[in-house]
Structures are given as C-alpha cells and as structure tokens.
Amino acid sequence: MILMITGTRTGIGKALAEHFLEVGHDVVGCSRRPSTIDHPRYRHHEADLADLGQTKRMFRSVRQEYGKLDALVNNAGTSSMNHFLTTPDEVSRKIFDINFFAVLNCCREAVKLLRKSTEQTSAILNVSTVAVPWAIEGQLAYSASKSAVEQLVRVMSKELSTFGIRVNGIGLPPVHTMLTRTVPRPKIDTLIARQAISRQCTTADIVGPVEFLIGRQSEFITGETLFLGGVH
Amino acid sequence: MTERIQSVVVAALDEINLTREEKIPTDRVLDLCLYGDSGVFESMYLVAFLSLVEENIEDEFGAEVSLTSEKAVSRRVSPFSSVRRLVGFIEEELELVGVRG
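Residue numbers (the numbering used here), protein chains in the order written: chain A, 1 to 232; chain B, 1 to 101.
One should not assume that every hint holds.
[Claimed, not checked] Pairs of lysine-lysine, DSBU-like flavour, derived with a Cα cap of 35 Å:
(1) 23(B) / 94(A)
(2) 23(B) / 68(A)
(3) 158(A) / 112(A)
(4) 116(A) / 187(A)
Since the hints were made in silico from the structure, they are not lab data.
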C-alpha cells in the first residue's frame with residue numbers, strides 16, 4: 001500500500017509511519033519542519049497544511065511520483081487549552097484551520113488519488129478525541145473542531161462510497177505527545193480515570209486499530225469513529 | 001490550443017470509460033452533453049470527471065484551472081452542457097493564467 005500520513009515529524013504520526021514502513025508499505029508524510037524519519041520507502045514533504053496552495057503542491061508531487069494513494073491518515077492537528085472567554089479569536093480560527101479545514105482540503109485532494117487505488121477499497125482515517133464525547137471544559141475550540149471532523153466522517157463516507165472510498169475516524173484518549181505536554185498531570189490522570197481501561201493510551205495501542213481501519217479487514221466499515229480505551 | 005484541450009478531455013473520458021460498464025459514446029464527442037437532463041454524468045461522477053480533466057490539463061499545459069469554481073457552475077450557459085463548451089471554458093481559463101496556443 002501507499003499511505004499518506006500527515007504530521008509525521010513526532011508523536012503518533014511518526015509512530016504510525018515507522019510501523020507501516022516496517023511492515024513493508026510506502027509512506028508519504030508531511031510536517032511544517034524537516035523529516036525525522038530516514039527510510040528508503042519514506043517521502044517527506046515540508047508543508048503547512050493550513051495553506052491550500054502548499055497542500056495542493058504536495059498532492060501534485062505525490063501524484064507525479066506514485067500516481068495513486070491507497071490510504072490517507074489525517075493525523076496532524078493542534079490544540080489550545082483555555083477557557084473560551086479567554087481564548088482569542090485568532091487562536092480559535094487557527095485551530096479550525098488546522099484541525100478541520102486542512103483535513104477537508106487533504107481529503108479533497110486525496111480523493112483524486114484514492115480513486116486510482118488498486119486495492120479493493122481505499123480509505124481515509126481522521127483522528128478525533130475524547131474531548132468530543134466528554135465535552136471537556138477548557139477545550140471548546142479544539143473539541144468543536146474535532147466534532148466537525150466527526151461530522152465530516154459521517155457525511156463524506158456517504159459521498160465517497162460510490163467511488164469505493166471508506167471514511168472513518170479514530171477517537172483517542174490522552175496520549176503522551178507534543179499536543180498534551182502542557183496539560184497538567186493531575187488533569188491527565190482525571191481523564192484516564194474516566195476510561196474503562198484506566199491507563200494512559202500509548203502509540204502502540206493506536207497502531208493496530210489504525211491498521212484495521214485502513215485495511216481490508218474493515219472493508220464493510222465506513223462513517224464510523226472508533227474510540228479507544230472505553231470512553232462511552 | 002483548442003485541439004490540445006479537446007484531446008485532454010477525450011483522454012479523460014476514455015479513462016472514465018475503462019471503469020464503466022455502460023460506455024460513454026465518444027464518436028460525436030464535441031456535442032456530448034456532460035450534465036443535465038441528457039447528460040452522461042450524475043453530479044458526483046461529473047465532479048470526478050472534472051477532477052481528472054483538471055489533472056490532465058495541469059500535466060499538458062503546466063497550469064492549474066478550476067472546473068468546479070463558482071464561475072464555472074454559475075454561467076448562464078453551462079460549460080458542462082457539451083464537451084465543446086467545456087473545451088471553450090478551459091481555453092478561456094488558460095488564457096487568463098497566461099497560457100496561449
């Protein structure tokens with residue numbers, strides 16, 4: 001398979017890229033800064049996904065090199081934990097630019113390449129968060145942007161089913177990444193205590209479900225967001 | 001330039017035909033209606049076809065045109081009413097970005 005994973009410089013995106021390279025796939029990754037992955041089947045694009053022009057250029061380059069994609073994992077995202085009364089307008093807009101509009105643009109560009117996939121079905125997977133079902137205070141813009149992504153999953157799954165493209169989501173509880181490094185430990189522990197499986201989610205916990213959701217074993221699943229850790 | 005654009009559009013139709021059971025007739029291609037009451041495409045398939053044409057135009061002319069823009073869809077005479085009109089619309093758009101025949 002040829003996969004594109006966004007946000008591969010660190011954290012979950014990097015772990016996913018390394019896993020899929022290890023099991024023999026070709027991986028195209030991106031981040032705003034240079035790659036931290038060195039592998040012959042890995043291609044890195046330095047791109048700011050909030051910039052549509054850069055996003056289009058990246059996908060054009062993928063088309064010229066590979067001619068198709070089999071899966072897209074929209075992992076790149078940003079967050080800002082703050083009471084909504086003290087969250088500046090530009091911060092909320094930036095969160096939506098990266099967490100929602102960049103995902104929408106990547107999906108739009110990727111569909112052209114996913115339609116050329118030679119796999120039985122091709123797949124888009126979007127990353128969501130427990131902040132949506134739990135409506136965690138202090139995360140209004142972040143959870144609202146991810147809530148929009150979950151709606152995107154539902155609607156897009158219907159609009160793309162005629163092209164054999166599945167669209168799903170994966171909802172993550174707190175994982176130790178750059179995104180959560182500023183969240184105080186007691187706050188993380190409180191969230192973990194709410195999970196049915198009350199330990200912190202690791203990147204190793206995410207790899208398997210991602211592999212399932214973009215692979216053949218889930219070819220009858222679309223429009224769903226699967227939450228990890230027992231959050232409902 | 002018109003012939004080159006026409007070739008690009010026909011190549012996209014040929015590519016689409018590879019995956020269709022009911023083939024789109026391309027013998028009188030310029031008069032072929034793409035969308036509407038007698039059109040060969042339903043809306044989603046039209047969008048997919050136009051995406052393919054956009055890619056092929058970019059490869060052929062090294063320039064980007066949008067065939068699903070507000071400008072394209074809001075024209076009094078739709079560029080999708082025939083291949084001839086689509087070719088004409090693409091030619092106008094290419095000229096706007098400085099591509100001449």
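Hints and how they fare:
| no. | hint | verdict |
| --- | --- | --- |
| 1 | 23(B) / 94(A) | violated (46 Å) |
| 2 | 23(B) / 68(A) | holds (23 Å) |
| 3 | 158(A) / 112(A) | holds (16 Å) |
| 4 | 116(A) / 187(A) | violated (45 Å) |
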